[in-house]
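*Asks:* So you can see what is in the structure, the chains are spelled out below.
2 protein chains.
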Amino acid sequence: MNYMDIALKEAEKAAARGEVPIGAVIVDSTTGEIIARAGNQSEADHDPSAHAEVVAIRNACQKLSSTRLPQCDLYVTLEPCTMCATAISFARIRRLYFGAYDPKGGGVDHGARFYEQATCHHKPDVYGGILESACSEILRRFFQEKR
Amino acid sequence: MNYMDIALKEAEKAAARGEVPIGAVIVDSTTGEIIARAGNQSEADHDPSAHAEVVAIRNACQKLSSTRLPQCDLYVTLEPCTMCATAISFARIRRLYFGAYDPKGGGVDHGARFYEQATCHHKPDVYGGILESACSEILRRFFQEKR
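Chains as they are written, first to last, in full-length UniProt numbering: chain A, 1 to 147; chain B, 1 to 147.
The hints are simulated quantities; they were obtained by calculation from the structure and are not laboratory data. Be aware that one or more of the hints could be misleading.
[What the hints assert, rightly or not] The calculated lysine-lysine pairs, modelled on DSSO-like cross-linking and capped at a C-alpha distance of 27 Å, are:
| id | chain 1 | residue 1 | chain 2 | residue 2 |
| --- | --- | --- | --- | --- |
| 1 | A | 104 | B | 123 |
| 2 | A | 146 | A | 9 |
| 3 | B | 123 | B | 63 |
| 4 | A | 63 | A | 146 |
| 5 | A | 123 | B | 104 |
| 6 | A | 146 | B | 146 |
| 7 | A | 146 | A | 13 |
| 8 | B | 104 | B | 13 |
| 9 | A | 13 | A | 63 |
| 10 | B | 146 | B | 13 |
| 11 | B | 104 | B | 63 |
| 12 | A | 123 | B | 13 |
In this text, all values refer to a predicted model and were calculated from it rather than measured experimentally.
Between the sequences and the hints, there should be enough to build the whole structure, so can you do that?
*Replies:* Okay, structure coming up:
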């Protein structure tokens with residue numbers, strides 16, 4: 001199973017909890033081992049910073065007892081927001097794979113384009129549009145049902 | 001005592017723990033009550049997202065059982081980085097007061113200038129340079145001693 005499929009599973013679990021369905025997976029690129037997987041949990045935690053990427057980074061850093069994950073890649077179903085893009089940089093993630101593009105809230109290919117700023121001190125390799133339609137479909141369905 | 005003085009006390013406590021000395025305070029603007037106060041705790045928590053502002057926001061949101069703090073103001077000793085600037089926006093903080101400016105890593109008046117992006121959906125009122133010299137002095141001293 002593709003790592004983005006696993007991120008999608010995390011997004012589905014988030015939807016089932018009433019959270020915006022976004023999921024993330026962190027993989028040790030040297031072994032292929034999944035170090036952390038998470039969905040959005042902002043509502044459950046009353047924490048506006050508890051996006052899937054930040055939760056996965058926190059869990060992976062705890063597991064490896066380090067604030068940096070230079071051997072790790074992160075897979076996430078939606079283009080990271082500016083907060084998450086910055087957290088990914090701070091964590092020294094090697095590669096970022098994301099699913100759907102997010103023109104309204106993204107911080108990688110839209111808006112702040114954080115990795116292109118002089119204030120960005122680590123830029124991961126970025127691959128967007130992975131399983132794009134499945135990743136955007138789960139979000140579209142969630143917000144349609146909300147209305 | 002000024003709220004920025006209290007943020008400075010949190011920065012001093014962070015330095016004593018070996019963390020980069022930055023402190024933050026969140027105040028309910030309707031009552032003046034301090035809702036949360038925190039220093040950087042990235043090293044202790046192995047969490048690259050555990051900047052003073054994010055920790056204070058998490059604690060305040062927990063306390064008020066909400067992901068949003070529209071009646072609250074945040075005081076922080078250094079210009080927020082791009083991650084924290086975005087988290088402050090997500091939390092719907094009313095006013096942001098910061099101490100020293102941060103040309104190398106700031107995301108408010110430098111770099112991503114997040115609050116000026118179309119992908120920013122809430123912009124706090126921003127007041128920079130509060131107790132600026134004390135706020136930058138504590139950082140300068142910390143990094144000098146590190147060398």
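*Asks:* Take the hints in turn and mark each one as holding or not.
*Replies:* Hints and how they fare:
1. 104/A with 123/B: holds, 15 Å
2. 146/A with 9/A: Holds, at roughly 20 Å.
3. 123/B with 63/B: holds, 23 Å
4. 63/A with 146/A: violated, 35 Å
5. 123/A with 104/B: holds, 15 Å
6. 146/A with 146/B: Judged against 27 Å, a Cα distance of about 52 Å means the pair is violated.
7. 146/A with 13/A: holds, 16 Å
8. 104/B with 13/B: holds, 24 Å
9. 13/A with 63/A: With a Cα-Cα distance of about 22 Å, the restraint between residue 13/A and residue 63/A holds, given a limit of 27 Å.
10. 146/B with 13/B: holds, 16 Å
11. 104/B with 63/B: Not satisfied, since the Cα-Cα distance of roughly 33 Å exceeds 27 Å.
12. 123/A with 13/B: Distance of about 31 Å is beyond 27 Å: violated.
The structure is inconsistent with the numbered hints 4, 6, 11 and 12, although it conforms to all the rest.
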